[in-house]
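Student: What follows is the residue order along each chain.
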Amino acid sequence: MSILIKNVSKTFGNFTALDNVSLEVPDGALLALLGPSGSGKTTLLRIIAGLEVAESGTVLHQEKDITHQSARERRVGFVFQHYALFRHMTVFENIAFGLRVRSRQTRPSEGEIRAKVHELLKLIQLENLAQRYPSQLSGGQRQRVALARALAVEPSVLLLDEPFGSLDAKVRQELRRWLRQLHDEIHITSVFVTHDQEEAMEVADRVVVMNEGRIEQLGSPDEVYNHPATPFVYNFLGNVNLFHGRVDDGKAYITEVAGEAVGQSHPSHENTVVYVRPHLLEIDRQANGGGHFRARIKHINSAGPLVKVEATTEWGAPVHIEMSQERFGNLQLMKDEAVFIIPKDVKVFQAHEGPRPK
Amino acid sequence: MNTEAILEKPQAIAGARIRQAQQDPAWVRWGLTLAVLAVVGVLVVIPVVNIFAEALSEGAGVYWKNLFADPDTRQSIILTLTVAPIALAANLLFGLAAAWAIARFDFPGRTLLTALIDLPFSVSPVVAGLMFVLIFGLQGYFGPFLRRDGYSVMPYAISILGTGLFVLLFFLFRPINPQARPGLWNYPWLVGLGGSVAVFGLLFFVQQYFEVWPRNQSLKIIFATPGLILATAFVTFPFVARELIPVMEAVGPDEELAAVSLGANGWQMFWRVTVPNIKWGLVYGIILCNARAMGEFGAVYVVSGHIAGKTDTMPLRIEKLFQEYNLPGSFAVASLLTLLAILTLIAKTKLERKVPSTAKFPEPKTSETRA
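Protein chains in written order, with our numbering: chain C, 1 to 358; chain F, 1001 to 1371.
None of these hints come from the bench; they were simulated from the model. These numbers were taken from a predicted model, which means no experiment stands behind them. For each residue, glycine too, the CB sits at the ideal point set by N, CA and C. Treat the hints with care, as some may be off.
Stated by the list, open to error - Using C-beta positions, here's what the derived DEER-type ranges look like:
id : chain 1 : residue 1 : chain 2 : residue 2 : range
1  : C       : E127      : F       : A1097     : 39 to 45 Å
2  : F       : D1254     : C       : N20       : 24 to 30 Å
3  : F       : L1343     : C       : S103      : 39 to 45 Å
4  : F       : P1085     : C       : F12       : 42 to 48 Å
5  : F       : K1279     : C       : S109      : 26 to 32 Å
6  : F       : D1118     : C       : F12       : 25 to 31 Å
7  : F       : F1105     : C       : S103      : 23 to 29 Å
8  : F       : A1097     : C       : H82       : 22 to 28 Å
9  : C       : G13       : F       : F1270     : 27 to 33 Å
10 : C       : H82       : F       : W1267     : 22 to 28 Å
11 : F       : A1101     : C       : T312      : 58 to 64 Å
To be verified - A few chain C residues that face chain F, going by a derived Cβ cut-off under 10 Å, partial list only:
id : residue
12 : L51
13 : A84
14 : A146
Using the sequences plus the hints, can you model the full thing?
Tutor: Right, here's the structure in full:
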């Protein structure tokens, strides 16, 4: 186990940033801390790095207690959200910094430093920009220099705070793929913070969903997306439609719909919430058996790979549906048309559970 | 490179358009310019030129004699060149510490400290001088004690200073890597406390044993150089801190944290990251502080006691010569002080021109080309 966090708590004044959080990061993992702002994900990352001190709980690294070690003793690589490159140093000197500040006994020779920096420049594909200053680089280039600088000290753990947060969409896409590739090459245990669920799903091999200072769910991207443990996770990982419902005899019903069950759920409960993702709702002109309800189409947005339809249900609630362009072409839907909506897959949670798991 | 060339043209056109839109009629432009030139000429240029003209009116030989033949004048120049650097050094240390504390930490009384730093600006220099007389003067709180056995505080002061330095250096130089830490580095509390007691005792003992400080003698602060230094330091106290606080706040703590996470110790972080980032603020603060320290009159006037050849700084000497109707002598010293001020201004302008050397390059647009 590379990093082990046990019962860590942290408050800032009245605000609880972390509430008794425990987490394991296996060796060589690429883990994403995912959550909305204020969920405590950055605080957790900074506690692992030693830039913030936990009020209670312990942090272990390779079975060794590092709770009371300072950032400089922990030797983790930290990549800051806004890069924090040394603005008065060239790219070369930025990367060499961690090697140059070592004590005389452990400091590599000038030749070794040179070789190491060039190796890293090659890794981040910026060999020809070694003599530039950070202000002369684009955002994506700066991000990669920050990464190389952190890697230069050969850390056992790499921590990244919103690594792609301040880049534009196109560059972000490229860098994500590049980071994934890099991790496959060097296999360094890495933890990164993000509020972008798509980013977490695409890059990480383990995702930790956080909310209000607690961990909601930990698992592979597939587990987290397809088997959300709590309503919060389901909600956070994509758009959803909410319906009031009940569970009877292992069958879930939407309260306002008199007809058949829309899905399966085990514990019977009077008061439940039924969650359906927009792309799991199907629009049709006939009700072909199974659970369904009526709706009137209010708005159609057909720009993009998916057609997004907004409709109002027969009991007046808004509902969002997504379908493929092909299906939309076949249906020839019109505004204000009355249609049937058939939920294909729903997720049922008990209503009074709130956003917090038991 | 191509994209830049394309980008530059529309900007140039837009710039010209803005200039045209902002263009005022010719008479406004000329009128304003002339008015400003006239005011600057009357208030600044003519008096400054006049100082040099008056000083040199009887020829360079007399000018030289006026400056360096009179032992009292010579002494005043030496005194100013002693007091100003010491006050400057003290304020540099204090300014750095204050700016660091205010820009990097949140502590109770932070706002109060910020306000207190400005206090010397708002208090009249004469009042400042008077405060020191009331504390250290003969009738002041510490006056009788200082007069009886003033030097007895020195061993304590020096020992406390040395102990503080020891603790600071121990934590600054403690190696990062626990494996590379031989023996005593691993016991910060033991070394910190034990070492402090040892250093304090040793320094104290050495000073007492060798009788470094005289016994039962009066330590003069008021009407002596220490008082001049105190008064000057008080008046110039805000310059360095005031320059540094906004710079340090703008730079932010991230680069320093990055340096620490890369294994730098406090010393390395300070010299390799903090100082280069605040360099210009620091230089600017030093220059302003020095200019004011050399020219300070009011506070120094109260604490100096006007002992010719002993406690007269250059500004005090100028006033005294002027009162004695020795106009050429007074103008000669004034011209030297002005010269020092002009040199300071030139240094400042030179440095200001150098500032944007790294920021000169245009920020690349976000359109990124991957190698």
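Student: For every hint, state whether the structure bears it out.
Tutor: These are the hints, each one checked on the structure:
1. The hinted range of 39 to 45 Å is satisfied by E127(C) and A1097(F), whose Cβ atoms lie roughly 42 Å apart.
2. Range check, D1254(F) to N20(C): about 29 Å between beta-carbon atoms, so the 24 to 30 Å window is met.
3. Separation of L1343(F) from S103(C) is about 42 Å and conforms to the stated range, judged on CB atoms against 39 to 45 Å.
4. At roughly 44 Å, the beta-carbon separation of P1085(F) and F12(C) lies within the given 42 to 48 Å, and the hint holds.
5. The hinted range of 26 to 32 Å is satisfied by K1279(F) and S109(C), whose Cβ atoms lie roughly 29 Å apart.
6. Our hint of 25 to 31 Å for D1118(F) and F12(C) holds, since their Cβ atoms are close to 30 Å apart.
7. Taken as a hint, the range 23 to 29 Å holds for the pair F1105(F) and S103(C), whose Cβ atoms sit roughly 28 Å apart.
8. Separated by about 27 Å at the C-beta atoms, A1097(F) and H82(C) satisfy the suggested range of 22 to 28 Å.
9. With their beta carbons about 30 Å apart, G13(C) and F1270(F) fall inside the hinted range of 27 to 33 Å.
10. Between H82(C) and W1267(F) the Cβ separation comes to about 25 Å, which falls inside the hinted range of 22 to 28 Å.
11. Separation of A1101(F) from T312(C) is about 60 Å and conforms to the stated range, judged on CB atoms against 58 to 64 Å.
12. Interface restraint check for L51(C): the shortest CB-CB distance to chain F comes to about 6 Å, inside 10 Å, so the restraint holds.
13. A hinted interface residue such as A84(C) counts as satisfied when its beta carbon comes closer than 10 Å to some beta carbon of chain F; here the least separation is about 4 Å, so the hint holds.
14. The beta carbon of A146(C) comes within 8 Å of a beta carbon in chain F, closer than 10 Å, and the hint placing it at the interface holds.
Checked against the numbered hints given earlier, this structure breaks none of them.
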